[in-house]
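Q: The primary structure of each chain is shown beneath.
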Amino acid sequence: MRCLQCCREKKIQVNPYEIARLAGNLGISTTEFIARYTLEQGAYLKFNDNGICVFLDHKGCGVHKDRPLVCRLYPIGRQVNEMGDEWFLELQPEAACNGRYGRTATIEDFLEDQGATAYMLAADGYLTLLWEMMEIMDCMSAKMEIRDAADVSVEKENALVEYAEWMDMDAAVRKYCQENKIIFPDKVEDKMHVHIDALRLWINQP
Amino acid sequence: MNKKTKQAFALAAAVASLGASLGVAYEDAHAGVETAKKVKADSVKQPAKVKAAAPTKVSPQIKNPAASKTSTQIKWENKKK
Numbered sequence: 001m002r003c004l005q006c007c008r009e010k011k012i013q014v015n016p017y018e019i020a021r022l023a024g025n026l027g028i029s030t031t032e033f034i035a036r037y038t039l040e041q042g043a044y045l046k047f048n049d050n051g052i053c054v055f056l057d058h059k060g061c062g063v064h065k066d067r068p069l070v071c072r073l074y075p076i077g078r079q080v081n082e083m084g085d086e087w088f089l090e091l092q093p094e095a096a097c098n099g100r101y102g103r104t105a106t107i108e109d110f111l112e113d114q115g116a117t118a119y120m121l122a123a124d125g126y127l128t129l130l131w132e133m134m135e136i137m138d139c140m141s142a143k144m145e146i147r148d149a150a151d152v153s154v155e156k157e158n159a160l161v162e163y164a165e166w167m168d169m170d171a172a173v174r175k176y177c178q179e180n181k182i183i184f185p186d187k188v189e190d191k192m193h194v195h196i197d198a199l200r201l202w203i204n205q206p
Numbered sequence: 001m002n003k004k005t006k007q008a009f010a011l012a013a014a015v016a017s018l019g020a021s022l023g024v025a026y027e028d029a030h031a032g033v034e035t036a037k038k039v040k041a042d043s044v045k046q047p048a049k050v051k052a053a054a055p056t057k058v059s060p061q062i063k064n065p066a067a068s069k070t071s072t073q074i075k076w077e078n079k080k081k
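Residue numbers (my numbering), protein chains in the order written: chain D, 1 to 206; chain P, 1 to 81.
Everything labelled a hint here was simulated from the structure, so no lab data went into it.
Virtual Cβ for every residue (Gly too), placed ideally from N, Cα, C.
No false leads were slipped in.
If the Cβ cut is set under 7 Å, some of the chain D residues that face chain P in the computed set are:
#: 1; residue: E9
#: 2; residue: K11
#: 3; residue: Q13
#: 4; residue: N15
#: 5; residue: Q41
#: 6; residue: Y74
#: 7; residue: Q79
#: 8; residue: N81
#: 9; residue: E82
#: 10; residue: M133
#: 11; residue: M134
#: 12; residue: M137
#: 13; residue: Y163
#: 14; residue: M167
Could you put together the complete structure from these sequences and hints?
A: Next comes the structure, spelled out in structure tokens:
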């Protein structure tokens, strides 16, 4: 019997690829999905007043086919560092969990059963970009002048508008395709590659 | 407005958001990984009982993305405050 404890009192992180998969499942744009179903500008899925995932209903997960990586991985977790080293973690079960850890299968089998591979590749693609962004940010911070706080606040607000567009896959890819006169891709994987290309171009623009 | 400054703020916001979505910049983590068993990825083909190493302390409290460039992909505890 399923207890669904792992869908309660959790923060479920979602990267742009996962948002695009979930948005596709619901037949809406990533722009709409981020506005309706996420917290912190698209970083986490919303939960209801009882702390339950917004997609959990009486039948179970309403988006199971396109569920995020951390849901596929549970009850294990994954860590990846900047060098690409990868570890898997065995998490403590919930207090009222009905599940049990299997001891005969392999993690590789488990990942395959859960369809996790495409999601891990996507996470790794965005991670590579994130490490690049952090390096550029470090360089920029070192060069920035300290100026009037009020002026900085206005600039920050304007910048947030631009950044929201960066992280919204549909909006970012549409803009990039228009600017470069290329066809807007249909497949999520194709869109993701264009999205990463677009972000890389924007962060490196002079 | 200075384009570079605007870009720097946008980049900082993007790093914070993308980092959070990838488990890099989570500031208030309460995941049950303190007693998690860490398994090196090159042993994923072996049965779990063989590859499960001795429990290793894993700190999920990554406060500064620049300080700790590790992505932790887990369901985080969302403890009520």
